[in-house]
Every structure is written in C-alpha cells, then in structure tokens.
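Student: As they're listed, the protein sequences go chains A and B. Just so we're aligned, residue 24 is where the first sequence starts under our numbering, counting upward by one. Just so we're aligned, residue 43 is where the second sequence starts under our numbering, counting upward by one.
Hints listed in this document are in silico derivations from the structure and should not be mistaken for laboratory results. These numbers were taken from a predicted model, which means no experiment stands behind them. Ideal placement from N, C-alpha and C gives every residue a C-beta, glycine not left out. Don't take every hint at face value.
Claimed, not checked - The following label-pair restraints were derived from C-beta to C-beta distances:
#, chain 1, residue 1, chain 2, residue 2, range
1, B, Leu207, A, Gly200, 31 to 41 angstroms
2, A, Gly61, B, Leu207, 47 to 57 angstroms
3, A, Asp76, B, Gln51, 50 to 60 angstroms
4, A, Gly61, B, Thr48, 52 to 62 angstroms
5, A, Asp135, B, Glu270, 52 to 62 angstroms
6, B, Thr261, A, Phe47, 45 to 55 angstroms
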Amino acid sequence: MTATSPAPTLTATPGQTIGPFFHFALPFDGDRDLVAPGTPGALLLHGTVRDGDGAPIQDALVEIWQADPSGAVPRRTGSMRRDGFTFTGFGRSTTDISGRYTFTTLAPGGVDGGLPFFGVTVFARGLLNRLFTRAYLPLDGAEPDALLTSVGERAGTLLTERDETGLRFDIRLQGEGETVFLTYPGHSAS
Amino acid sequence: MPELETQRQIDAEIAATAHDYEQSGAEETQPRLDYAPYRSSILRHPTKDPHHADPEGIELWAPCFGERDIDPLEADLTIQRRGEPQGEKIVVTGRVVDGQGRPVRRQLVEIWQANAGGRYIHKRDQHPAPIDPNFTGLGRCLTDDDGTYRFTTIKPGPYPWRNHLNAWRPAHIHFSLFGTDFTQRMITQMYFPGDPLFALDPIYQSIVDPKARERLVSTYDHDLTQPEVLMGYRWDIVLTGAHATPLEQEDHQ
Ligand SMILES: [Fe+2]
C-alpha cells in the first residue's frame with residue numbers, strides 16, 4: 024500500500040522543542056520494554072544520540088513504532104499499561120547521561136512485502152521540531168529498497184548494526200555521519 | 043560559565059532573521075531548526091535537507107491508545123493531590139484535526155507545564171519559585187469522537203532560563219500529539235493571548251512567520267469560563283495531512 028490522499032486544506036500547527044523538563048511527564052513504566060526482557064526472540068535496540076560536536080545528548084527522547092515479527096501492524100492499546108503479553112509496537116525511551124537510549128523489543132517483519140524497519144521519532148532540548156527517520160534491520164544480502172537507493176551514499180545511517188545484545192542504531196543530529204532524516208508529503212521543512 | 047549575552051543582542055538577531063524572512067517572499071509554517079538566537083539549537087539541528095520519503099508500511103499507521111492506557115481523572119491537573127493547587131484555575135480545550143479537517147478520534151494527548159509560579163516538578167529546574175505540593179503539572183487524555191480534548195489545570199507562570207541574560211519564557215503548556223499515521227507525530231507548546239514576552243522569546247520566534255506563530259496562541263473564550271470557578275481557553279490543533287484513508291483506520295480500537 025502506498026500513500027494517497029487529497030492535498031491538505033488546512034495549515035498544520037507549528038511544532039516546538041520538547042524543552043528540558045519532559046522527564047517528569049512523558050516517561051511511563053515499561054515505556055522502553057515493548058516485550059518483557061527475557062521473552063524468546065527479544066533483542067535490545069539501542070544507540071547514542073549525538074550533537075554536532077559528537078557529544079552525547081542527555082536530554083533527548085526517542086520513540087519507535089514497529090510491526091510485529093510477522094509484519095503485522097499492531098492495532099492493540101495498552102502501551103502505557105503494559106500487561107506483559109500484548110505487543111503494541113510503540114516504545115518511548117529517554118536518553119541517559121551517556122546519550123544512550125534502549126528498547127527491549129522483537130525484530131519487526133516487513134509490512135506488505137517491504138523491508139523491515141522501525142519508524143523512529145527524535146525529540147530533544149535544543150531541537151526545535153521533531154525529526155523522523157527509519158532504522159532498517161541489517162540487509163543481510165537483501166536489495167536496498169527505493170528509499171535507501173534514493174538516499175545514496177548516506178544510506179548507511181539508516182541501517183541498524185547487529186551486535187552482541189541486538190541491534191545498534193546511533194543517531195547523529197549534525198556533523199560527521201549525520202543521520203538521514205525524513206520528510207513526508209504534507210510536511211513543510213520549516 | 044561563559045558570560046551570557048543580553049536580551050538586546052538576542053533581539054537584534056531575531057530582528058535580522060525576521061527582516062530577511064520578510065524580504066524573501068516565501069511562506070514558512072514550521073519553526074526553523076537552525077535558529078541561532080535559541081543557543082541550544084546551534085549544535086542540535088541537522089545541516090542537510092531532510093530526505094523526501096513516501097510513507098509506507100508502519101508509517102501509514104499510528105499507535106493505538108485507549109481506556110486501558112488513560113484514567114479519565116488524568117485530564118484534571120487540579121485533583122491529583124490532596125489539596126487545591128495555587129493559582130488561576132483554567133480549562134483548556136479544542137479539537138485535534140488532520141490536514142483535511144477530519145477529527146483525530148480516540149487518540150492520546152499529553153501535556154506538561156510549570157505551576158502558577160513558573161516552577162516545574164523536575165530535578166533540573168533550578169528556578170527558586172516554590173514547588174506546589176498540590177500540583178504536578180502533568181495531564182493526559184484521549185480525544186473524543188469529535189477530536190476534542192479537554193484539560194482542567196492552573197495557568198502556568200512565565201519562568202527564567204539561561205539562553206541569555208534575563209531570558210524568560212512566555213507562559214506555555216507543552217502538548218504531545220499523535221495522529222492517525224506515524225508521520226503526524228508532533229510536540230509543541232501552547233501560549234496565552236497577549237503575552238508581553240512573545241517578542242523576546244527565541245523559541246516562539248523560531249517560527250519566523252507571524253501568522254504561523256499565532257497558531258500556537260490560545261483564545262480566551264468566555265463561553266468556556268464558568269462563573270466563580272475557572273477561566274476558559276480554546277486552542278485547536280491541525281496535524282499534517284494523514285496519508286491513509288479513514289476506512290483503513292476503522293479497526294482502530
Ligand atoms: Fe516549558
């Protein structure tokens with residue numbers, strides 16, 4: 024399924040920075056555990072968010088939204104009251120003092136025959152609007168899809184890397200190795 | 043600690059950017075990510091243009107939240123503790139719609155804010171204004187079938203920050219919103235009408251278009267005001283256009 028919709032008739036409300044004071048409000052119990060640690064197939068999706076100097080960002084918030092391992096899109100409620108059984112596909116993680124975020128989850132399957140990826144949203148103090156990107160599973164010989172191909176030489180910033188705990192996906196807001204961020208139809212860059 | 047610049051220096055930078063924008067003839071509707079008067083943005087904005095993507099797969103859908111996630115009492119920030127919080131009690135309500143004006147139904151809205159004295163319940167908030175033991179400043183609700191959200195809260199105070207010398211944020215409530223697809227996710231801030239700090243605030247001014255900035259300012263609505271109880275503010279939110287058709291969203295539980 025690809026996107027089709029009439030052109031927007033209303034102008035979107037502007038975004039603003041998440042600011043420095045969200046830690047008492049947005050995190051919730053189990054926010055980063057899409058499955059309970061120890062669940063068969065569970066992996067750690069993790070990485071560090073860095074600024075233009077390469078310094079870790081300690082006040083970022085990363086969210087993921089993903090399919091289940093079969094490629095089905097979760098339509099279940101309950102992310103904010105995890106019951107240990109329901110896979111909702113949504114997770115939220117603050118970064119810690121070393122700039123690191125973590126999720127315990129399952130590898131997504133590809134939806135509708137596409138390559139499997141996590142949808143990723145990034146917020147931070149100092150970042151005036153949210154950023155979107157994709158964290159693809161390692162290709163393992165699969166052909167790059169249309170998006171990865173169109174990105175060209177920076178496509179590597181959209182690929183997770185397998186490590187001993189699961190999958191690593193670093194996010195660089197600016198500078199060397201700057202992550203490719205995405206804009207979708209209907210968005211305006213500024 | 044480096045010496046902080048003055049408000050006058052920040053004002054000059056804001057004015058120069060506003061002038062350039064006016065001359066450009068272009069129309070911008072979102073904040074600039076690269077906006078140096080907000081000093082923390084200097085190392086935290088991407089320098090490359092965002093890459094155009096056609097949403098596919100998971101991006102055509104949004105997470106579902108429901109009665110299991112939210113207690114209806116979380117929409118009233120004045121009853122979360124034993125006593126009444128200090129300050130001016132208000133109701134803030136409005137509709138969340140997509141770019142076609144369709145209501146975003148049964149979806150999560152989260153807010154957080156400072157108390158009446160401009161203080162957050164946050165360990166990094168060093169502002170010496172008092173904590174209010176009866177106010178946490180955190181609320182959640184689900185929109186109804188018309189896309190309407192509604193919070194009862196306390197009007198937040200302005201607060202100082204260290205972007206520059208004598209920097210103060212206009213009073214605001216942080217809003218976190220989901221749409222019917224992933225690409226509509228957004229976080230923003232709602233302001234109150236007529237705030238004298240608007241012109242001085244680099245975060246508000248990072249939206250360089252005056253009409254676009256005003257979309258973040260709520261309206262005082264006397265019809266929402268309740269006699270001898272509280273004042274009412276209305277603020278509607280438009281998300282970017284949804285990509286999936288409403289039909290495909292009907293199994294949203
Ligand atoms: Fe704030």
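Student: Hints first: check each against the structure and report whether it holds.
Tutor: Going through the hints against the structure:
Checking the proposed 31 to 41 angstroms range against Leu207 of chain B and Gly200 of chain A shows it holds: the Cβ atoms sit about 35 angstroms from each other. The supplied range of 47 to 57 angstroms is met by Gly61 of chain A and Leu207 of chain B, whose beta-carbon atoms lie about 52 angstroms from each other. At about 23 angstroms, the beta-carbon gap between Asp76 of chain A and Gln51 of chain B misses the expected band of 50 to 60 angstroms. Remark: the range hint 52 to 62 angstroms for Gly61 of chain A to Thr48 of chain B is upheld by a beta-carbon distance near 56 angstroms.
Between Asp135 of chain A and Glu270 of chain B the beta carbons are some 57 angstroms apart, a value that agrees with the proposed interval 52 to 62 angstroms. For the pair Thr261 of chain B and Phe47 of chain A, the beta carbons lie near 28 angstroms from each other, so the given range of 45 to 55 angstroms is not met.
Hint violations for this structure: numbers 3 and 6, all remaining hints satisfied.
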